[in-house]
Amino acid sequence: MAPTRSASTTPALARCAHGPLGPRPRRAPRRRLRDRAYPLGLYHRCVAPHAYTRLTRFALWALTAIVVTGVAVRLTGSGLGCEDWPTCSEDRFVADLEYHALVEFVNRLFTGVVAIAVIAAVLGSVRRRPRRTDLILLSLGLVAGVLAQVGLGALLVLSELDPRFTMGHFLLSMVLLQNAAVLDIRARNDAGAAGASGPPGSPAPAERQPDATTRLMQWAVLVVGGALLVTGTLVTGAGPHAGDSRAARLPLLVREVARVHSIVALALLGMVVWTWWRLRAASSGGHVRMGRIAVLLVVQGAVGYTQYFTGVPVVLVGIHVALASITWIEIVKAAHDPAAGSAKSLEPDPVGGVPMVGGRL
3 MAPTRSASTT
13 PALARCAHGP
23 LGPRPRRAPR
33 RRLRDRAYPL
43 GLYHRCVAPH
53 AYTRLTRFAL
63 WALTAIVVTG
73 VAVRLTGSGL
83 GCEDWPTCSE
93 DRFVADLEYH
103 ALVEFVNRLF
113 TGVVAIAVIA
123 AVLGSVRRRP
133 RRTDLILLSL
143 GLVAGVLAQV
153 GLGALLVLSE
163 LDPRFTMGHF
173 LLSMVLLQNA
183 AVLDIRARND
193 AGAAGASGPP
203 GSPAPAERQP
213 DATTRLMQWA
223 VLVVGGALLV
233 TGTLVTGAGP
243 HAGDSRAARL
253 PLLVREVARV
263 HSIVALALLG
273 MVVWTWWRLR
283 AASSGGHVRM
293 GRIAVLLVVQ
303 GAVGYTQYFT
313 GVPVVLVGIH
323 VALASITWIE
333 IVKAAHDPAA
343 GSAKSLEPDP
353 VGGVPMVGGR
363 L
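Numbering-wise, the working numbering comes out as the position in the sequence shown, counting from 1, plus 2.
There may be inaccurate statements among the hints.
[To be verified] Derived CB-CB ranges, DEER-like:
1) 225 - 284: 20 to 26 Å
2) 316 - 257: 17 to 23 Å
3) 272 - 117: 25 to 31 Å
4) 282 - 145: 36 to 42 Å
Calculated from the structure, these hints are not laboratory results.
For clarity, every value in this text was computed on a predicted model and none was experimentally measured.
Ideal Cβ positions, reconstructed from N, Cα and C, are used throughout, including at glycine.
Let's have the full structure, built from the sequences with the hints guiding it.
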(Lines of atoms letter the chains of each structure in order from A and count residues from 1; the text may use other names and numbers.)
(Lines give C-alpha, C1' and ligand atoms only; values in the text may rest on other atoms or scores of the structure.)
Protein backbone atom coordinates (compact mmCIF):
# COMPACT_ATOMS: atom_id res chain seq x y z
CA MET A 1 0.00 0.00 0.00
CA ALA A 2 1.43 3.37 -1.02
CA PRO A 3 2.29 5.73 1.84
CA THR A 4 0.05 8.75 2.27
CA ARG A 5 0.76 12.30 3.34
CA SER A 6 -1.30 14.58 5.50
CA ALA A 7 -3.65 17.05 3.82
CA SER A 8 -1.78 19.96 5.43
CA THR A 9 1.52 19.18 3.71
CA THR A 10 0.40 17.73 0.37
CA PRO A 11 -0.70 20.97 -1.40
CA ALA A 12 2.43 22.86 -0.37
CA LEU A 13 4.76 20.06 -1.42
CA ALA A 14 2.89 19.44 -4.64
CA ARG A 15 3.62 22.99 -5.75
CA CYS A 16 7.32 22.18 -5.45
CA ALA A 17 7.12 19.30 -7.92
CA HIS A 18 8.59 21.10 -10.92
CA GLY A 19 12.02 21.65 -12.43
CA PRO A 20 14.76 19.60 -10.75
CA LEU A 21 12.53 19.05 -7.69
CA GLY A 22 9.96 16.88 -9.47
CA PRO A 23 8.85 15.35 -12.78
CA ARG A 24 8.50 17.51 -15.89
CA PRO A 25 6.14 17.08 -18.83
CA ARG A 26 7.86 15.91 -21.99
CA ARG A 27 7.00 19.02 -23.98
CA ALA A 28 6.78 21.81 -21.42
CA PRO A 29 5.94 25.34 -22.61
CA ARG A 30 8.58 28.02 -22.43
CA ARG A 31 8.97 29.09 -18.82
CA ARG A 32 9.74 32.44 -17.33
CA LEU A 33 13.16 33.11 -15.80
CA ARG A 34 11.99 32.54 -12.23
CA ASP A 35 10.62 29.10 -13.13
CA ARG A 36 13.76 27.77 -14.82
CA ALA A 37 15.96 25.16 -13.20
CA TYR A 38 18.81 26.48 -11.05
CA PRO A 39 20.99 24.31 -8.80
CA LEU A 40 19.95 25.96 -5.52
CA GLY A 41 16.29 26.25 -6.43
CA LEU A 42 15.92 29.95 -5.55
CA TYR A 43 14.23 30.82 -8.83
CA HIS A 44 11.43 28.35 -8.18
CA ARG A 45 8.16 29.51 -6.74
CA CYS A 46 8.91 27.28 -3.78
CA VAL A 47 11.84 25.28 -2.45
CA ALA A 48 11.45 21.68 -1.34
CA PRO A 49 12.96 20.65 2.03
CA HIS A 50 15.86 18.69 0.55
CA ALA A 51 16.81 21.61 -1.73
CA TYR A 52 16.84 24.01 1.20
CA THR A 53 19.41 21.85 3.00
CA ARG A 54 21.92 22.76 0.28
CA LEU A 55 21.50 26.40 1.21
CA THR A 56 21.90 25.81 4.94
CA ARG A 57 25.03 23.73 4.41
CA PHE A 58 26.46 26.39 2.08
CA ALA A 59 25.88 29.07 4.74
CA LEU A 60 27.43 26.91 7.46
CA TRP A 61 30.65 26.22 5.59
CA ALA A 62 30.94 29.79 4.28
CA LEU A 63 30.83 31.04 7.87
CA THR A 64 33.42 28.43 8.85
CA ALA A 65 35.70 29.42 5.99
CA ILE A 66 35.69 33.11 6.91
CA VAL A 67 36.84 32.19 10.42
CA VAL A 68 39.89 30.55 8.84
CA THR A 69 40.58 33.51 6.54
CA GLY A 70 40.23 35.88 9.48
CA VAL A 71 42.79 33.87 11.43
CA ALA A 72 45.10 33.99 8.42
CA VAL A 73 44.94 37.80 8.57
CA ARG A 74 46.03 37.80 12.19
CA LEU A 75 48.73 35.14 11.82
CA THR A 76 50.35 36.89 8.86
CA GLY A 77 50.47 40.18 10.76
CA SER A 78 48.06 41.75 8.27
CA GLY A 79 45.46 42.98 10.73
CA LEU A 80 46.23 46.60 9.89
CA GLY A 81 47.14 45.99 6.27
CA CYS A 82 44.07 48.12 5.55
CA GLU A 83 44.18 50.94 8.07
CA ASP A 84 40.76 52.38 7.30
CA TRP A 85 37.19 51.09 7.00
CA PRO A 86 35.20 50.48 4.82
CA THR A 87 37.92 51.61 2.40
CA CYS A 88 41.37 50.07 2.63
CA SER A 89 43.01 53.47 3.13
CA GLU A 90 41.90 57.08 3.26
CA ASP A 91 42.28 57.59 -0.50
CA ARG A 92 41.87 54.04 -1.88
CA PHE A 93 38.97 51.61 -1.68
CA VAL A 94 41.03 48.63 -2.90
CA ALA A 95 44.34 47.52 -1.47
CA ASP A 96 47.74 48.46 -2.85
CA LEU A 97 49.88 45.70 -4.32
CA GLU A 98 51.41 45.06 -0.94
CA TYR A 99 51.34 41.71 0.89
CA HIS A 100 49.63 42.64 4.17
CA ALA A 101 47.13 44.97 2.52
CA LEU A 102 46.13 42.29 -0.01
CA VAL A 103 45.69 39.63 2.69
CA GLU A 104 43.36 41.88 4.69
CA PHE A 105 41.47 43.08 1.61
CA VAL A 106 40.86 39.53 0.33
CA ASN A 107 39.44 38.63 3.73
CA ARG A 108 37.07 41.59 3.46
CA LEU A 109 36.03 40.53 -0.03
CA PHE A 110 35.23 37.03 1.24
CA THR A 111 32.57 38.65 3.40
CA GLY A 112 30.67 39.02 0.12
CA VAL A 113 30.60 35.23 -0.28
CA VAL A 114 29.24 34.92 3.25
CA ALA A 115 26.62 37.56 2.50
CA ILE A 116 25.48 35.63 -0.59
CA ALA A 117 25.22 32.42 1.44
CA VAL A 118 23.22 34.10 4.21
CA ILE A 119 20.87 35.88 1.80
CA ALA A 120 20.29 32.58 -0.01
CA ALA A 121 19.42 30.92 3.31
CA VAL A 122 16.91 33.67 4.11
CA LEU A 123 15.26 33.60 0.67
CA GLY A 124 15.17 29.82 0.75
CA SER A 125 13.49 29.78 4.16
CA VAL A 126 10.77 32.10 2.87
CA ARG A 127 10.20 30.10 -0.33
CA ARG A 128 10.48 26.72 1.37
CA ARG A 129 7.34 24.56 1.45
CA PRO A 130 6.10 23.69 3.95
CA ARG A 131 7.10 27.05 5.42
CA ARG A 132 8.59 26.93 8.91
CA THR A 133 8.79 29.98 11.15
CA ASP A 134 11.76 28.62 13.11
CA LEU A 135 13.86 28.31 9.95
CA ILE A 136 12.97 31.86 8.89
CA LEU A 137 13.94 33.25 12.31
CA LEU A 138 17.20 31.30 12.39
CA SER A 139 18.16 32.48 8.92
CA LEU A 140 17.37 36.08 9.91
CA GLY A 141 19.63 35.51 12.92
CA LEU A 142 22.47 34.90 10.47
CA VAL A 143 21.77 38.27 8.86
CA ALA A 144 21.87 40.01 12.24
CA GLY A 145 25.09 38.21 13.14
CA VAL A 146 26.85 39.11 9.90
CA LEU A 147 25.86 42.76 10.27
CA ALA A 148 27.17 42.73 13.85
CA GLN A 149 30.41 41.18 12.61
CA VAL A 150 30.84 43.93 10.03
CA GLY A 151 30.38 46.59 12.70
CA LEU A 152 32.71 44.84 15.12
CA GLY A 153 35.29 44.42 12.37
CA ALA A 154 35.20 48.16 11.75
CA LEU A 155 35.76 48.84 15.46
CA LEU A 156 38.61 46.34 15.45
CA VAL A 157 40.43 48.19 12.67
CA LEU A 158 39.72 51.67 14.04
CA SER A 159 40.94 50.62 17.52
CA GLU A 160 44.16 49.22 16.01
CA LEU A 161 43.35 45.63 16.94
CA ASP A 162 42.33 46.07 20.55
CA PRO A 163 42.53 42.49 21.94
CA ARG A 164 39.09 42.81 23.53
CA PHE A 165 37.55 43.48 20.13
CA THR A 166 39.61 40.64 18.66
CA MET A 167 38.18 38.26 21.26
CA GLY A 168 34.66 39.52 20.63
CA HIS A 169 35.10 39.16 16.88
CA PHE A 170 36.05 35.48 17.21
CA LEU A 171 33.40 34.64 19.81
CA LEU A 172 30.70 36.28 17.71
CA SER A 173 31.88 34.08 14.84
CA MET A 174 31.30 31.06 17.06
CA VAL A 175 27.79 32.29 17.88
CA LEU A 176 27.15 32.59 14.15
CA LEU A 177 28.42 29.05 13.62
CA GLN A 178 26.07 27.84 16.34
CA ASN A 179 23.15 29.60 14.67
CA ALA A 180 24.06 28.16 11.27
CA ALA A 181 24.54 24.66 12.69
CA VAL A 182 21.13 24.69 14.38
CA LEU A 183 19.54 25.96 11.16
CA ASP A 184 21.21 23.15 9.22
CA ILE A 185 20.07 20.53 11.75
CA ARG A 186 16.46 21.66 11.76
CA ALA A 187 16.33 21.88 7.99
CA ARG A 188 17.70 18.35 7.62
CA ASN A 189 15.99 16.68 10.53
CA ASP A 190 12.54 17.56 9.22
CA ALA A 191 10.03 15.09 10.62
CA GLY A 192 7.16 17.26 9.43
CA ALA A 193 8.24 17.09 5.76
CA ALA A 194 8.76 13.35 6.05
CA GLY A 195 5.18 12.91 7.19
CA ALA A 196 6.31 11.62 10.57
CA SER A 197 4.68 12.50 13.83
CA GLY A 198 6.14 15.12 16.11
CA PRO A 199 6.90 18.82 15.81
CA PRO A 200 8.99 20.12 12.90
CA GLY A 201 12.69 19.86 13.54
CA SER A 202 12.39 17.01 16.04
CA PRO A 203 14.45 13.82 15.60
CA ALA A 204 12.91 10.93 13.72
CA PRO A 205 10.61 8.96 16.05
CA ALA A 206 12.31 5.67 15.19
CA GLU A 207 15.58 6.80 16.80
CA ARG A 208 16.06 5.84 20.42
CA GLN A 209 16.34 8.98 22.53
CA PRO A 210 18.86 9.35 25.38
CA ASP A 211 17.67 9.54 28.97
CA ALA A 212 17.37 12.77 30.95
CA THR A 213 20.81 12.47 32.56
CA THR A 214 22.51 11.97 29.21
CA ARG A 215 20.59 14.89 27.70
CA LEU A 216 21.75 17.07 30.59
CA MET A 217 25.33 15.99 29.90
CA GLN A 218 24.98 16.86 26.21
CA TRP A 219 23.92 20.38 27.13
CA ALA A 220 26.70 20.56 29.73
CA VAL A 221 29.19 19.64 27.00
CA LEU A 222 27.88 22.61 25.01
CA VAL A 223 28.35 24.98 27.96
CA VAL A 224 31.86 23.75 28.78
CA GLY A 225 32.71 23.84 25.07
CA GLY A 226 31.77 27.51 25.07
CA ALA A 227 33.98 28.07 28.12
CA LEU A 228 36.83 26.39 26.26
CA LEU A 229 36.42 28.87 23.40
CA VAL A 230 36.49 31.81 25.83
CA THR A 231 39.67 30.62 27.55
CA GLY A 232 41.21 30.00 24.14
CA THR A 233 40.61 33.62 23.15
CA LEU A 234 42.27 34.72 26.40
CA VAL A 235 45.36 32.73 25.47
CA THR A 236 45.32 34.34 22.03
CA GLY A 237 44.82 37.83 23.48
CA ALA A 238 47.86 37.40 25.72
CA GLY A 239 49.97 35.56 23.14
CA PRO A 240 52.36 36.73 20.44
CA HIS A 241 50.04 36.72 17.42
CA ALA A 242 48.27 40.05 17.76
CA GLY A 243 47.79 40.65 14.04
CA ASP A 244 50.15 43.63 13.94
CA SER A 245 53.26 44.75 15.79
CA ARG A 246 51.44 47.89 16.98
CA ALA A 247 48.59 45.98 18.63
CA ALA A 248 48.36 45.82 22.42
CA ARG A 249 48.15 42.53 24.34
CA LEU A 250 46.11 41.46 27.35
CA PRO A 251 48.01 41.93 30.65
CA LEU A 252 47.96 38.21 31.43
CA LEU A 253 50.65 35.56 31.76
CA VAL A 254 50.40 33.22 28.79
CA ARG A 255 51.48 30.25 30.92
CA GLU A 256 48.69 30.79 33.44
CA VAL A 257 45.84 31.29 30.96
CA ALA A 258 47.14 28.36 28.89
CA ARG A 259 47.00 26.19 32.02
CA VAL A 260 43.38 27.19 32.64
CA HIS A 261 42.58 26.51 28.99
CA SER A 262 44.13 23.03 29.26
CA ILE A 263 42.18 22.20 32.43
CA VAL A 264 38.90 23.16 30.76
CA ALA A 265 39.83 21.07 27.71
CA LEU A 266 40.59 18.00 29.83
CA ALA A 267 37.33 18.41 31.75
CA LEU A 268 35.44 18.66 28.47
CA LEU A 269 37.13 15.55 27.10
CA GLY A 270 36.15 13.59 30.22
CA MET A 271 32.54 14.74 29.90
CA VAL A 272 32.46 13.81 26.21
CA VAL A 273 33.86 10.31 26.82
CA TRP A 274 31.36 9.67 29.63
CA THR A 275 28.47 10.92 27.50
CA TRP A 276 29.67 8.76 24.59
CA TRP A 277 29.70 5.70 26.85
CA ARG A 278 26.12 6.34 28.06
CA LEU A 279 24.86 6.90 24.52
CA ARG A 280 26.55 3.75 23.27
CA ALA A 281 25.18 1.71 26.18
CA ALA A 282 21.68 2.98 25.35
CA SER A 283 22.13 2.08 21.65
CA SER A 284 21.51 5.69 20.66
CA GLY A 285 22.85 6.96 17.36
CA GLY A 286 24.19 10.04 19.14
CA HIS A 287 27.28 8.11 20.25
CA VAL A 288 28.69 8.38 16.70
CA ARG A 289 28.89 12.16 16.81
CA MET A 290 30.07 12.19 20.42
CA GLY A 291 32.88 9.84 19.41
CA ARG A 292 33.90 12.26 16.66
CA ILE A 293 34.00 15.07 19.21
CA ALA A 294 36.29 13.02 21.47
CA VAL A 295 38.68 12.35 18.58
CA LEU A 296 38.69 16.02 17.60
CA LEU A 297 39.46 17.06 21.18
CA VAL A 298 42.38 14.63 21.40
CA VAL A 299 43.79 15.96 18.12
CA GLN A 300 43.22 19.52 19.34
CA GLY A 301 45.10 18.76 22.54
CA ALA A 302 48.04 17.34 20.60
CA VAL A 303 48.17 20.38 18.34
CA GLY A 304 47.80 22.77 21.28
CA TYR A 305 50.61 21.28 23.34
CA THR A 306 52.86 21.04 20.28
CA GLN A 307 52.37 24.70 19.40
CA TYR A 308 52.94 25.75 23.03
CA PHE A 309 56.28 23.93 23.30
CA THR A 310 57.50 24.89 19.82
CA GLY A 311 57.11 28.65 20.08
CA VAL A 312 53.53 28.96 18.75
CA PRO A 313 54.23 28.56 14.99
CA VAL A 314 51.60 30.19 12.80
CA VAL A 315 50.74 27.03 10.86
CA LEU A 316 49.84 25.11 14.01
CA VAL A 317 47.83 28.04 15.34
CA GLY A 318 45.83 28.13 12.11
CA ILE A 319 45.17 24.39 12.31
CA HIS A 320 44.17 24.76 15.96
CA VAL A 321 41.58 27.44 15.19
CA ALA A 322 40.19 25.57 12.16
CA LEU A 323 39.77 22.40 14.24
CA ALA A 324 38.18 24.46 17.03
CA SER A 325 35.52 25.69 14.60
CA ILE A 326 34.76 22.17 13.38
CA THR A 327 34.69 20.81 16.94
CA TRP A 328 32.29 23.56 18.01
CA ILE A 329 29.93 22.73 15.15
CA GLU A 330 29.91 19.07 16.21
CA ILE A 331 29.27 20.00 19.86
CA VAL A 332 26.35 22.22 18.87
CA LYS A 333 24.85 19.48 16.72
CA ALA A 334 25.26 16.93 19.51
CA ALA A 335 23.27 19.15 21.89
CA HIS A 336 20.52 20.09 19.45
CA ASP A 337 20.16 16.71 17.75
CA PRO A 338 20.76 14.23 20.59
CA ALA A 339 19.92 10.90 19.00
CA ALA A 340 21.37 11.25 15.50
CA GLY A 341 25.00 11.00 14.54
CA SER A 342 25.46 9.97 10.93
CA ALA A 343 24.90 11.86 7.71
CA LYS A 344 21.26 12.27 6.79
CA SER A 345 20.16 11.04 3.40
CA LEU A 346 17.38 12.61 1.42
CA GLU A 347 15.12 10.03 -0.15
CA PRO A 348 12.50 10.70 -2.81
CA ASP A 349 8.93 10.09 -1.72
CA PRO A 350 7.49 7.32 -3.91
CA VAL A 351 4.23 9.28 -4.13
CA GLY A 352 4.35 11.94 -6.82
CA GLY A 353 8.13 11.98 -7.04
CA VAL A 354 8.37 14.83 -4.54
CA PRO A 355 11.70 14.70 -2.70
CA MET A 356 11.18 14.03 0.98
CA VAL A 357 13.48 13.85 3.97
CA GLY A 358 14.51 10.50 5.37
CA GLY A 359 17.30 8.77 7.22
CA ARG A 360 19.40 10.15 10.04
CA LEU A 361 21.56 13.26 10.46
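Going down the list of hints, with the structure as the test:
no.	hint	verdict
1	225 - 284: 20 to 26 Å	holds (22 Å)
2	316 - 257: 17 to 23 Å	holds (20 Å)
3	272 - 117: 25 to 31 Å	violated (40 Å)
4	282 - 145: 36 to 42 Å	holds (39 Å)
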